[in-house]
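So you can see what is in the structure, the chains are spelled out below.
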Amino acid sequence: MLLRVSNLHKSFGPNEVLRSVNLELRHGERIALIGPSGSGKSTLLNCLGGLERADAGELTFDGTDLRALSGEALAALRRERLSSVFQFFHLLPTLTARENVAFPLRLLGVPPEERRQRVSALIDQVQLTERQDALPEQLSGGEQQRVAIARALVIRPRLILADEPTGNLDSVTGAAILDLLESLTESHKTALILVTHSREATRICRRVLKMRDGTLAPADDQGLHHIHTSTATP
Amino acid sequence: MLLLTGILALGVAAFFSIRLANRAAVSGFRLFSENVTGTSDLFLTSPSGELPVNVLPEIRRALDDIPAGLFPVLEATATEPARGVDGFTATSFHVIGVDLAALSNLRYLSSSEAPAGATMPDTPGRSSAAETGGSPAVFPSRLLAAKHGWRQGQEIVLVFDDAIHECHVAGILPTGEFQVSQPENLIVMDLPELQGLTAQLARIHRVEIRFPPGHWSEVWGKEAGKRLAEAAGDRWQVETPEQQKTAASTMTRAFRLNLSILSCLALVVGVYLILQALEAAVVRRRPEIATLRALGVSPRAVRRAWQFEALAMGLAGTIAGLLLGWLMAQLTVRAIAQTVNALYFSNTTHAAAWHWGEAALAASLGMLASAVAGWLPAREASETPPAQMLRRGTRSDGIRALMRPRLGLALCLLAAVAHAAPPLKTADGANLPWAGYAAAFLWVAGAGILASTLFPGIGLAGRWRSQRDPGRYYAASQLRHATGRHRLATAGLVVAVAMFGGMSVLIGSFETTVTLWLDQVMKADLFVACQGTSHASSRNRLHAATWQTLQEDPAVADCEVSQYHQIKLDGRLTVLAGTDLKSRDRSLERIWLVEPPDDFLQSGGGGEIARGIMSESFAYRFRRSVGDRVEIPTPSGPREIELVGIFADYGNEFGTVVVAREQLAAWFDDQRVARMAVTLRNGEDFAAVQSRWMQAHPGIVVTNNRELRTEALRIFHQTFAVTHGLKWIGVMVALAGLAMALASMLLERGSELTTLRALGLGQREIGRATAWESAGIAAIGLFAGGLLSLVLGHLIIYVINRQAFGWTLLYTVPWDELLSLGAGVIGIGALVGYLTGSRLTQRSERDR
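These protein sequences, in sequence, are chains A and B. The numbering used here numbers the first residue of the first sequence as 1 and each following residue consecutively. The numbering used here numbers the first residue of the second sequence as 235 and each following residue consecutively.
Keep in mind that the hints were calculated from the coordinates and are not lab data. Think of the CB as a built atom: it goes at the ideal place given N, C-alpha and C, for glycine as much as any other residue. Zero decoy hints are in this set.
If you only want the chain B side, here are some residues facing chain A, beta carbon under 10 Å, derived:
{"id": "1", "residue": "Gly693"}
{"id": "2", "residue": "Ser700"}
{"id": "3", "residue": "Gln701"}
{"id": "4", "residue": "Arg702"}
{"id": "5", "residue": "Asp703"}
{"id": "6", "residue": "Tyr708"}
{"id": "7", "residue": "Ala710"}
{"id": "8", "residue": "Gln712"}
{"id": "9", "residue": "Arg983"}
{"id": "10", "residue": "Thr988"}
{"id": "11", "residue": "Thr989"}
{"id": "12", "residue": "Leu990"}
{"id": "13", "residue": "Ala992"}
{"id": "14", "residue": "Leu993"}
{"id": "15", "residue": "Arg998"}
Covered stretches of chain A (in silico footprint by chain B; criterion: 3 or more residues with CB under 8 Å from a CB of chain B, positions within the stretch not fixed):
{"id": "16", "segment": "75-81"}
{"id": "17", "segment": "84-90"}
{"id": "18", "segment": "101-111"}
With the hints as constraints, model all of the structure from the sequences given.
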């Protein structure tokens, strides 16, 4: 099991955002979290990524108890095994597309030659070879998100946390990005938790979990709410 | 905001305090010049500084039927006896010798009664020690008597010239209508008595003229001025009280201007900080501004709101600054008064009074500064499209002028032109280096903009070997794509570092030059002078009997005596000195800029026509060259001197002409001298001779070479004390500005910090990255500011200083001080960056 979440609680002041959340995720599995605004999807994602500390419950990732880790150790975990993709791309604006993709490898201290090879391969895979020297402000939204996906995959993470990755894109570009996410996570054997408002986005996931008022809806025998989804038309 | 208001207050306070302290130091002179009759209508002085007593009947004849009281005045110095070399800086009193009988008649002339408590006798009469055989009678001012606890009838000991005298306090000066605002160092004596004590029997320094009060007074004043001017020839000049009052102001103008400009720079740094803080506020409140704009609030209304905020902050800072400035002035005034005392004239200022005119000027500058500082952020707030403001991660340009290197280049070219421009001549013939000051501001503005062109370079350099340091790699990418805020922070540092460096070059050059000069001119073993001689206005002199006795001491191998008189040439103050040009073993050397012919020293300056040498500042101020002749006023009539050499002299800024001492003594009928430089025979014990002479002549002070050099350097350091303080304030404020700039940049880049954290950078690593970024900004500021400081140093040394004072200084760069500054700025910059970055990351985590 890659991720195990049990009775997770998180409050902001009197507002209880997560109430006894339970979740399990296998290696290479892709799941979608859907739900209305304010239901706690992004907060759960932040807790999973160690960007937010849960108040109570258990949270184990790849055999490591995340709640027991210090801030620096959580940072190291994100550097090595966990990646994020955001709605607003969040590329570093002073680095080119290629440099943005290479940056996580710099954090890991990957030697230049290996770094070059891995970055080039990913740049090719996201089809940005011609645009690799452009700054983020010179790229379209779709191109920026492709850079963000390449950056997320370059460290070969166990899990990608994607928060509304198509939320800021038109439907055609959004669909292309989803295809890219699906194919790349498939080929890299990377697990994916996709937070989305869009049912269309759930098509790339095997399981869809619904969040409402800080809880995941009743689940199947594994404690998860399993919604069968067929491949929907865009 | 509170911090920012405080910083503006500091800028206003620096400017206001310096202005108040300057004014107080100069007004100290005014009070003293007004003191004898309080309200004299005319002053009659001689360009040679002295008048023979027999000029009085002539003045009376010239006035003819105009009713006027004539009050001859002799000025002298009395000193509190001190032990050993402390006598050099002994407390000195300004002594005014007046005809007390005539002065007491003033009371009837002005029809006013002396106030209760005045203990000055109604008719002091002639009670000189010579006539009565008693001790000399002195009348201290009320403040002086109170300070020393002197009472009427008390015996006190004072040093006049080189001798100690027992005096008795015959009365305390009344503080009535004609004795206004007496300074606390004033003693009045009867004229003949003072003449006798100081061996100036037939001499006076000025005549004050007063007309009976009433509406005729003005008419008589004009007519008397006309008649006296007609009768004067070259012997005297007539001045009104207003003209007298401007004397001190003119004398110290360059000194005061330098301090004012320096304090203005403190205000400029304050402007920069307000600008930084308002920019940061714009960044912080962008969503709010965008929302207002989206709701239909006009750009003009947004701009006005920001400008109003800037002005409100300016008002608060200005009010606080005025109060703080007044308090600071009370501390600064002593330093400035001591400098004025040592370099220009006597004053006893201890406190700086509030002055509404200066307050209005400082307040106007403070408000103007806040308006200027508020204008750019207000424009940014109002002109940036709401959509752009709402968009996350958008980096704004900030101040666009800083992104125009051509503008910087144009400003530097203008600065170079102003750098080479001549000084402005004032009505009284003095030089004011306005173009030099303009050049300083243009250099600073131009270099501040041009410094931005260094960002891509340092961005590339920062990437070098950053393989294992992703924080530095990220920081380098920020510097490579520097925003307006990076540029603004750098410009502020450039100003501060250049100001610091320029001042350091000035002080370093002065110190090197003065030290070399002292090495050259102070070669004697012992130096003899009267007590209290470190004050510029000291009139104490060694009497002939004293210096001749010392000269003939068997321990003396060689001796050079010198005397000087302050005179007026072309209406401007200068110094006429006399020294032993033929001295065998020259103990008093000079640094020659134009060496005189050999026969000049061999003949002792004699010949058919008197020959003399001039100081560099004299040559510059009066535009004289070697070979020129100059007509010098003396009490025995004008004397023509051929100028045959130029020497370096940093003793005064008024310029000096040196002739043979015997010649000077004959012209002024005065055998007294100001100081002696003595070379002892080999094997003589300096300390023993020093002690023996001071015991034999308790009114003199004998210093050895080391002691005198220490005293000279003490005065030097005291002169630059305020400058030192101001330059450190500038650097501290600029570092505070760097912290504000970083904070606003990181606030603007909040989403980037989130990304970095998501990518696996911890709080400390983000802190390290911002430390690199901050150090990079500091390095550019330091590099450009360092280069600029060398240019400013050149400007100050070779343009401003030369035009204002006529001195050539050896251009010296105090590398150790500049390197310490560099290490400090980069170190503190990196620390500020680390703390700002890690704190903001921590805060964003907490806020999440």
